[in-house]
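Listed in order, the protein sequences are those of chains S and E.
Just so you know, my numbering puts the end of the first sequence at 431, numbered straight through with nothing missing.
Just so you know, my numbering puts the end of the second sequence at 285, numbered straight through with nothing missing.
No wet-lab data here; the hints were simulated from the structure.
Using N, Cα and C, we set each Cβ at its ideal position, and we do this for glycine too.
Some hints here could point you the wrong way.
Stated by the list, open to error - Just so you have them, the derived chain E footprint on chain S, three or more residues with Cβ under 8 angstroms: (1) 172–178; (2) 194–204; (3) 242–253; (4) 292–306; (5) 361–375; (6) 389–401; (7) 406–420.
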Amino acid sequence: MKRKKKKNLQAFLFVIPAILILGLFVYYPLIKNVVYSFQSFGLSDTGKKWVGLANYTKLFQDKTILVSLKNNLRYAVVSIICQVGLGLVIAAVLEDIAFKKISPFFRSVYFLPTLISMTVVCLLFDFIYNPQMGLLNSLLEQIGLGKYKQIWLGNKKTAMYSVIAVSQWQSVGYIVMLFIVAIQKIPGDLYEAATVDGAGKLKRFLYITAPQVRPMFFVTMVLTVVGAFTVFNEPYILTGGGPGTATMVLSLHMYQTGFVKNNMGYASAIAMLIFVITAVLSAVQFFSFGSDEEA
Amino acid sequence: MSRQKIKNKHVYGPWEIVWIVVLILLAVMILYPLFWIIMSSFKDYAGIYGDVWGLPDVWHIENYSLAWNRGISRYFVNSVIVTVCSLIGVTLVSTFAAFGICQIKGKGGNALFLFCMCGLLLSPQVCLLPLFMLLKSMGIKNTLSAMILPYIAFRLPVSIMMIRSFFVGISKEMEEAAIIDGAGLMKIYTSIYLPLSKPIISTVIIMTSYYAWNEFMFATIFVDSSELRTIPVGLMVFRDGLMTEWGVVLAGMVIACLPLVVIFLFMQKSFVRGMTAGSVKG
Numbered sequence: 137m138k139r140k141k142k143k144n145l146q147a148f149l150f151v152i153p154a155i156l157i158l159g160l161f162v163y164y165p166l167i168k169n170v171v172y173s174f175q176s177f178g179l180s181d182t183g184k185k186w187v188g189l190a191n192y193t194k195l196f197q198d199k200t201i202l203v204s205l206k207n208n209l210r211y212a213v214v215s216i217i218c219q220v221g222l223g224l225v226i227a228a229v230l231e232d233i234a235f236k237k238i239s240p241f242f243r244s245v246y247f248l249p250t251l252i253s254m255t256v257v258c259l260l261f262d263f264i265y266n267p268q269m270g271l272l273n274s275l276l277e278q279i280g281l282g283k284y285k286q287i288w289l290g291n292k293k294t295a296m297y298s299v300i301a302v303s304q305w306q307s308v309g310y311i312v313m314l315f316i317v318a319i320q321k322i323p324g325d326l327y328e329a330a331t332v333d334g335a336g337k338l339k340r341f342l343y344i345t346a347p348q349v350r351p352m353f354f355v356t357m358v359l360t361v362v363g364a365f366t367v368f369n370e371p372y373i374l375t376g377g378g379p380g381t382a383t384m385v386l387s388l389h390m391y392q393t394g395f396v397k398n399n400m401g402y403a404s405a406i407a408m409l410i411f412v413i414t415a416v417l418s419a420v421q422f423f424s425f426g427s428d429e430e431a
Numbered sequence: 004m005s006r007q008k009i010k011n012k013h014v015y016g017p018w019e020i021v022w023i024v025v026l027i028l029l030a031v032m033i034l035y036p037l038f039w040i041i042m043s044s045f046k047d048y049a050g051i052y053g054d055v056w057g058l059p060d061v062w063h064i065e066n067y068s069l070a071w072n073r074g075i076s077r078y079f080v081n082s083v084i085v086t087v088c089s090l091i092g093v094t095l096v097s098t099f100a101a102f103g104i105c106q107i108k109g110k111g112g113n114a115l116f117l118f119c120m121c122g123l124l125l126s127p128q129v130c131l132l133p134l135f136m137l138l139k140s141m142g143i144k145n146t147l148s149a150m151i152l153p154y155i156a157f158r159l160p161v162s163i164m165m166i167r168s169f170f171v172g173i174s175k176e177m178e179e180a181a182i183i184d185g186a187g188l189m190k191i192y193t194s195i196y197l198p199l200s201k202p203i204i205s206t207v208i209i210m211t212s213y214y215a216w217n218e219f220m221f222a223t224i225f226v227d228s229s230e231l232r233t234i235p236v237g238l239m240v241f242r243d244g245l246m247t248e249w250g251v252v253l254a255g256m257v258i259a260c261l262p263l264v265v266i267f268l269f270m271q272k273s274f275v276r277g278m279t280a281g282s283v284k285g
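The following block holds chain S by itself, in its conformation from the complex (with noise of 0.2 angstroms):
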């Protein structure tokens, strides 16, 4: 018994440096945003003042608050239709055996914006969308469609779209290759017996392919979800929120309050609005599926 605990002793001795920096890096912070929420002070302050829930009183009356949230629920729906929905339907497509000998090369090409860094895809959608030389105008232009072209990310109705597109553009092809995963584990003999009993792709597709892959269409759901309700760069990156407030997302919100004016109390009151929705919807797939196995 002794011996026991001598060794459990010695076994914890490796999970300290882990313990240090998650407790140092992640979790002091969380802490201390919670109380930075109750707080008001400015980033240069050496005193802050107490102000109870006055940051949090002013969520709710923060019109941006709401475009905020309006935008990052555009991103999510948008998010799920091409990457969750879409990104499926390219999986089983590429996944049938017509499309055997050549699906290895279009997996790869889907995949390569994956690879990209954020900044690089966003300097190359500034070209694209660039209202002057930018390819997506002139490629209106040559198919005789002038009359769509915009100025995409400095008009109100177009720019949110066109940020959100950015990132439609890199991830579908990552989501696609968590389905192509899903779905090669899926027993073939599954597929035998349907086919045996007459079962057409469609059906295939609705009653064996998309059940089975279920707790890897929840993954993907919780993914780009969490993915909608965090997004910072591409935002920042492409148009600072603007035109307006027209492209602001909660993230870039709470940097601006912060960092821009200055206001870190009610800026942390915001990431605690950030941190609720996100920890709850990955609490709900942490907790349903387990994240011990590779999903």
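Got chain S; can you put chain E on it based on the hints?
Quick look at chain E alone, frame taken from chain S:
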């Protein structure tokens, strides 16, 4: 055999042709912009502005050396340092932790594992402001460590999770034999667990490199001296500084992408395994 034939007969119907067209269209939508970056990186301003779609008239190969000499080299070296330090840190700390968690008998091990896993619920955005204040008060804001330490911390949960599930699968026979020979835990870690877990460690290395090489938010907020910028942030500054020299900026963009694309081409299998295992992207 005969069944195979029947299947093949039905393979290319009208729907398959429609799908092939869709697949090719999607591939073009992805490949053409990438091709465009590479092609335009050999052009000068007039070449891009005058003819966006055309091939370069004159191939300005010097765009690459210009980009490299005007700052990209500095950013590139910084990115290499940050990436290498992060992956060494993540690998060491997470293999240690996973090993320790596996060795602790009883509820303690599970509790520690849960402690590490809760980090998965946290997105870096939530910790951004307090982390900034913390790094400032530690006096390491605006140093390379201001990126390396948070990168290590935020990669730990997923790495520990993957390594632990690998360690659990290692057979206990060798370990028991080693214990009878009087080996301590450190000996068991270095001579049994580490050598056996090369595949999972390479997966963790790939995931960490991917994350550290491309990370933008921490890098842009925690570091403001241009000497210390990594490539993703450096590129933004680079673009603002060069204004109209688009060819040079595009060359810089190509240089930024090269390392990961090369690794992907050579190690496609482990790359894809790394990126899909645990399904947690950076």
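Count residues of the region 292–306 of chain S with a Cβ under 8 angstroms from any Cβ of chain E, then say if the count reaches three. violated (count 1)
Taking beta carbons only, do three or more residues of the region 389–401 of chain S come closer than 8 angstroms to chain E? Three-residue rule met by the region 389–401 of chain S, so holds; n is 5.
Within 8 angstroms of chain E's CB atoms, at least three CB atoms from the region 242–253 of chain S: coverage verdict: holds (count 11)
Within the assertion that chain E covers the region 361–375 of chain S, do at least three residues meet a Cβ-to-Cβ distance smaller than 8 angstroms? Result for this restraint: holds, n = 7.
Verdict on chain E covering the region 172–178 of chain S, where coverage means 3 or more residues with a C-beta closer than 8 angstroms: This one is violated; 1 residues, fewer than the three required, reach chain E with a Cβ under 8 angstroms.
Do at least three Cβ atoms from the region 406–420 of chain S come closer than 8 angstroms to Cβ atoms of chain E? holds (count 8)
Counting residues of the region 194–204 of chain S that have a beta-carbon nearer than 8 angstroms to any beta-carbon of chain E, does the count reach 3? violated (count 0)
Checked against the numbered hints listed earlier, the structure breaks hints 1, 2, 4; every other hint is satisfied.
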